[in-house]
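S.K.: Below, each chain spelled out in residue letters.
2 protein chains.
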Amino acid sequence: MNDSEHGDWQDTTIDSAQAQEHPEVAQAVRKIKELRQSIDNVDTAIVSLLAERFKCTSEVGVLKAQAGFAPADWKREDAQIKRLHQVAEQAGLDPQIAEMYREFVVTEAKKRHQRIADAGGDPGVLDIFA
Amino acid sequence: MNDSEHGDWQDTTIDSAQAQEHPEVAQAVRKIKELRQSIDNVDTAIVSLLAERFKCTSEVGVLKAQAGFAPADWKREDAQIKRLHQVAEQAGLDPQIAEMYREFVVTEAKKRHQRIADAGGDPGVLDIFA
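Going down the list, the sequences are from chains A and B.
For the first sequence, numbering that gives the first Met the number 0 begins at 0 and goes up steadily by one.
For the second sequence, numbering that gives the first Met the number 0 begins at 0 and goes up steadily by one.
Since the hints were made in silico from the structure, they are not lab data.
Keep in mind that the hints are not guaranteed to be accurate.
To be verified - When the alpha-carbon atoms are kept at most 30 angstroms apart in a straight line, the in silico BS3-like pairs for lysine-lysine are as follows:
id : chain 1 : residue 1 : chain 2 : residue 2
1  : B       : Lys81     : A       : Lys74
2  : B       : Lys30     : A       : Lys74
3  : A       : Lys109    : B       : Lys81
4  : A       : Lys30     : B       : Lys30
5  : A       : Lys32     : B       : Lys32
6  : B       : Lys74     : B       : Lys30
7  : A       : Lys81     : B       : Lys74
8  : A       : Lys81     : B       : Lys109
9  : A       : Lys32     : B       : Lys30
10 : A       : Lys30     : B       : Lys54
11 : B       : Lys81     : A       : Lys81
12 : B       : Lys74     : A       : Lys32
13 : A       : Lys109    : B       : Lys30
14 : A       : Lys109    : B       : Lys109
15 : B       : Lys110    : A       : Lys32
16 : A       : Lys54     : A       : Lys30
Claimed, not checked - Label pairs and their computed distance ranges (CB to CB):
id : chain 1 : residue 1 : chain 2 : residue 2 : range
17 : B       : Trp73     : A       : Arg29     : 18 to 24 angstroms
18 : B       : Asp117    : A       : Asp77     : 21 to 27 angstroms
19 : B       : Gly67     : A       : Lys110    : 16 to 22 angstroms
20 : B       : Gln36     : A       : Glu98     : 17 to 23 angstroms
21 : B       : Gln89     : A       : Lys110    : 31 to 37 angstroms
22 : B       : Arg29     : A       : Gln89     : 35 to 41 angstroms
23 : A       : Asp39     : B       : Glu33     : 41 to 47 angstroms
24 : A       : Lys30     : B       : Gln85     : 24 to 30 angstroms
25 : B       : Gln65     : A       : Trp73     : 44 to 50 angstroms
26 : B       : Lys32     : A       : Arg29     : 37 to 43 angstroms
27 : B       : His21     : A       : Gln36     : 36 to 42 angstroms
Using N, Cα and C, we set each Cβ at its ideal position, and we do this for glycine too.
Just need the whole structure built from these sequences, with the hints factored in.
M.R.: See below:
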């Protein structure tokens with residue numbers, strides 16, 4: 000995706016060369032770069048943790064398929080929602096964000112569970128990364 | 000949400016009392032409980048990291064609004080996509096999951112940046128959790 004695909008100022012890319020003509024802007028650019036490094040570090044940690052999470056849910060998927068359990072488990076989901084709301088509030092995160100995160104990972108895990116069940120309990124090539 | 004709202008076997012909740020009549024099922028239930036504890040621990044870590052991420056992006060939002068930068072930054076997004084694909088591959092995660100994660104957090108961060116810009120650079124009550 001490049002700038003020409005998007006409208007005018009809404010697509011401003013921060014350019015330190017231009018910014019240095021305006022010291023107050025240059026300071027903002029420096030601070031934004033620092034914050035982006037922290038954001039990147041957080042993303043590296045989260046993506047690594049997601050790898051572990053999907054390894055676990057893939058194992059759960061195999062066990063469920065072998066035992067004939069369904070991909071969905073509503074009691075478990077209710078408990079997860081309540082728990083993650085508390086974690087979010089204690090951490091200072093809008094609980095809506097935690098709920099969106101939960102929805103995203105649980106939906107993806109269930110899709111993979113269904114694929115494992117359809118393959119007779121074999122995560123095999125259907126779930127090579129989890 | 001309770002079981003009566005959903006169709007038959009697709010909603011199986013794992014019940015250890017029933018499961019103990021069938022030892023192989025009981026073993027699967029025990030293993031699933033163990034894995035769920037790991038999943039919960041991962042979720043606690045991720046939600047806590049998301050709290051830190053949204054604190055950073057809220058700060059970026061204030062700096063962008065004050066400097067007149069746009070909420071979106073396509074060069075930054077392209078770099079993030081490439082970086083997170085690499086992190087995912089190294090961690091053994093389907094890069095599609097990493098891309099969905101990125102899309103989710105960046106979309107939410109941009110919505111909040113826009114709200115901060117509309118409020119004249121004040122995250123105030125519009126962004127109380129970030």
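S.K.: A separate judgement is required for each hint: does it hold in the structure or not?
M.R.: Hints, one by one, checked against the model:
Taken as a hint, the Lys81 (chain B) and Lys74 (chain A) pair is broken in the structure, with Cα atoms around 38 angstroms apart against an allowance of 30 angstroms. At most 30 angstroms may separate the alpha-carbon atoms for a hinted pair to count; Lys30 (chain B) and Lys74 (chain A) meet this at roughly 18 angstroms. A hinted pair counts as satisfied when its Cα atoms are at most 30 angstroms apart, and Lys109 (chain A) with Lys81 (chain B) qualifies at roughly 27 angstroms. Proposed proximity of Lys30 (chain A) and Lys30 (chain B) is contradicted: the alpha carbons are some 47 angstroms apart, above 30 angstroms.
For a cut-off of 30 angstroms, the pair hint linking Lys32 (chain A) to Lys32 (chain B) is broken: about 42 angstroms separates their Cα positions. This hinted pair does not check out: Lys74 (chain B) and Lys30 (chain B) have alpha carbons roughly 45 angstroms apart, beyond 30 angstroms. Between Lys81 (chain A) and Lys74 (chain B) the CA atoms are separated by roughly 38 angstroms; this puts the pair beyond 30 angstroms, and the hint is violated. At most 30 angstroms may separate the alpha-carbon atoms for a hinted pair to count; Lys81 (chain A) and Lys109 (chain B) meet this at roughly 27 angstroms.
A hinted pair counts as satisfied when its Cα atoms are at most 30 angstroms apart, and Lys32 (chain A) with Lys30 (chain B) does not qualify at roughly 44 angstroms. Distance check on the hinted pair: Lys30 (chain A) and Lys54 (chain B) sit about 14 angstroms apart at the alpha-carbon level, within 30 angstroms; holds. Among the hinted pairs, Lys81 (chain B) with Lys81 (chain A) is inconsistent with the structure: their alpha-carbon atoms are about 35 angstroms apart, more than 30 angstroms. For the hint pairing Lys74 (chain B) with Lys32 (chain A), the CA-to-CA distance comes to about 13 angstroms; that is within 30 angstroms, so the pair holds.
The hinted pair formed by Lys109 (chain A) and Lys30 (chain B) meets the criterion: a straight-line CA distance of about 18 angstroms does not exceed 30 angstroms. With a CA separation close to 28 angstroms, the supplied pair Lys109 (chain A) and Lys109 (chain B) stays within the 30 angstroms bound. Taking the CA atoms of Lys110 (chain B) and Lys32 (chain A), the gap is near 20 angstroms; set against the 30 angstroms cutoff, the hint holds. With a CA separation close to 37 angstroms, the supplied pair Lys54 (chain A) and Lys30 (chain A) exceeds the 30 angstroms bound.
Between Trp73 (chain B) and Arg29 (chain A) the C-beta distance comes to about 21 angstroms, which sits within the given range of 18 to 24 angstroms. For the hinted restraint 21 to 27 angstroms between Asp117 (chain B) and Asp77 (chain A), the CB-CB distance of approximately 36 angstroms leaves it violated. As the Cβ distance of Gly67 (chain B) to Lys110 (chain A) is approximately 42 angstroms, the hint placing it in 16 to 22 angstroms is violated. Distance hint for Gln36 (chain B) and Glu98 (chain A): a CB-CB separation of about 21 angstroms, consistent with the stated range 17 to 23 angstroms.
Taken as a hint, the range 31 to 37 angstroms is violated for the pair Gln89 (chain B) and Lys110 (chain A), whose Cβ atoms sit roughly 24 angstroms apart. Distance hint check for Arg29 (chain B) and Gln89 (chain A): the Cβ-Cβ separation is about 29 angstroms, which falls outside the suggested range of 35 to 41 angstroms. Range check, Asp39 (chain A) to Glu33 (chain B): Cβ separation about 33 angstroms, and the 41 to 47 angstroms hint is violated. For Lys30 (chain A) paired with Gln85 (chain B), a C-beta distance near 26 angstroms keeps the hint of 24 to 30 angstroms intact.
Range check, Gln65 (chain B) to Trp73 (chain A): about 46 angstroms between beta-carbon atoms, so the 44 to 50 angstroms window is met. About 49 angstroms separates the C-beta atoms of Lys32 (chain B) and Arg29 (chain A), a value inconsistent with the hinted range of 37 to 43 angstroms. At about 53 angstroms, the beta-carbon gap between His21 (chain B) and Gln36 (chain A) misses the expected band of 36 to 42 angstroms.
Checked against the numbered hints given earlier, the structure breaks hints 1, 4, 5, 6, 7, 9, 11, 16, 18, 19, 21, 22, 23, 26, 27 and satisfies all the rest.
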